[in-house]
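K.L.:
Each chain is listed here by its residues.
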Amino acid sequence: MKTNDELRERFVMAIDEVLPPAPWLETRVIDAVRRRPRYRPLAFGVDALAGFPPGLRLAAGVVAILIAVATVSALLVSGRLHTFLVPVSPKTHLQTLSPTPSPTFTFTPSPAVRAANWPPGGQVPAKLAGCWQPVLLQAGDTLCLGGYSFNFGGDIDGNVVVNGSEIDFISDICTNDAKFGFDRYKYTTSDDTLVLTRIGTLNCHWGLQRSFKRVAGQ
Amino acid sequence: MVNTSHAFGVDLVRQAQAGDDGAFAALLRPVVPSAYRLAGAMLHDPHAAEDIVQDASLKAWRKLDQLKAGREMQPWFLGIVANECRSLLRSRWWSVLRLPDPEPPERAASDPIAASADLRRAIRRLTHRRRLVLVLHWYLDLPVAEVAAITGSSEDAVKSELSRAIGQLRRLLRVGEA
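So the sequences go chain by chain: A and B. Residue numbers for the first sequence follow our numbering, beginning at 421 and rising by one. Residue numbers for the second sequence follow our numbering, beginning at 8 and rising by one.
Simulated from the structure, these hints should not be mistaken for lab results. Glycine included, each C-beta is placed from N, C-alpha and C at the ideal position.
Looking from chain A toward chain B, a few residues come up when the C-beta cut is under 7 Å (computed):
id, residue
1, 431
2, 435
3, 437
4, 446
5, 453
6, 624
7, 626
8, 627
FRET-style restraints, in silico, Cβ to Cβ:
id, chain 1, residue 1, chain 2, residue 2, range
9, B, 132, A, 583, 33 to 43 Å
10, A, 423, B, 121, 13 to 23 Å
11, B, 161, A, 617, 14 to 24 Å
12, A, 496, B, 97, 26 to 36 Å
13, B, 72, A, 537, 51 to 61 Å
Using the sequences provided together with the hints, build the complete structure.
P.N.:
Okay, here's the thing in structure tokens:
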């Protein structure tokens, strides 16, 4: 499958094949609606009790308070029981990052061939090559770079060119109006950290503007 | 200049909210075909899609007070249909025995029927949200702004979800073809 348009055409055809027209549906639905009276929401809260005698209203209030107290007590007791039964580790972290990408995913850079219509730039330099995991947000969205290729989150594949401190993520997924689509970011690296900052308008909207940590061994 | 069709729509909403079933029918009729296509594309089951549209119509009739003045009927109603589809798909986990997809039979790679079946299988493997944005944008041909209104998210979030959905779909198809 070469282009997005081709995939879209196949997508529409594949659904059309299992979805016959249903011209009678409008009439059927409207008839069903007309058979049902318009639902009137019930009055809740204090207004709903306005018609009842004062004694009954007082009793209803007391019952409501008792139910609330019982619910809060039950929640507190279950919380204590939980802490009593389940030992808490001495040190809890707010976030735990998986040290490696998903085991089902292996990143293999595509052969080093550069297309003429890509923006100017070369292959991924050694300091960027490998897999990077976001410091925040979804731990699964690992970014892998190598050669002229990238993969993000296991699902998004594409090409990449690096030009000085700029990196372009290219994919026909974000091609608009027959123009080759890419998102341009400025990158900075220090130790095991990679920071991508968006430059200009985005076509692909992959949300790559974040800080990444190098995945150990990658 | 007064937008007469918009003013007419606002009047219809008011009349329908007052209990006029004729006004509600006039609001509902133009959006039923899109709703059926949405439900059918989400569920790949025309009978279930018909039921979903009918249930969603009754729900919309009951909850019409929630349709704010000035808001369009289509995004609001398609949002209800999308929620009904999600509820149905969630409820099926216990009513339907889940089995892995059968091995595809040996066939020519150019067989269009088999290719469509593979694509539908790949679509079903997308998450509800990814499937929804793809169906709304690709199948119903709705602009990103309207997809955002239906899903209750920002346009950027929809674009991002679309990219991911397309990427995942391509990957699933590549795996299937390998």
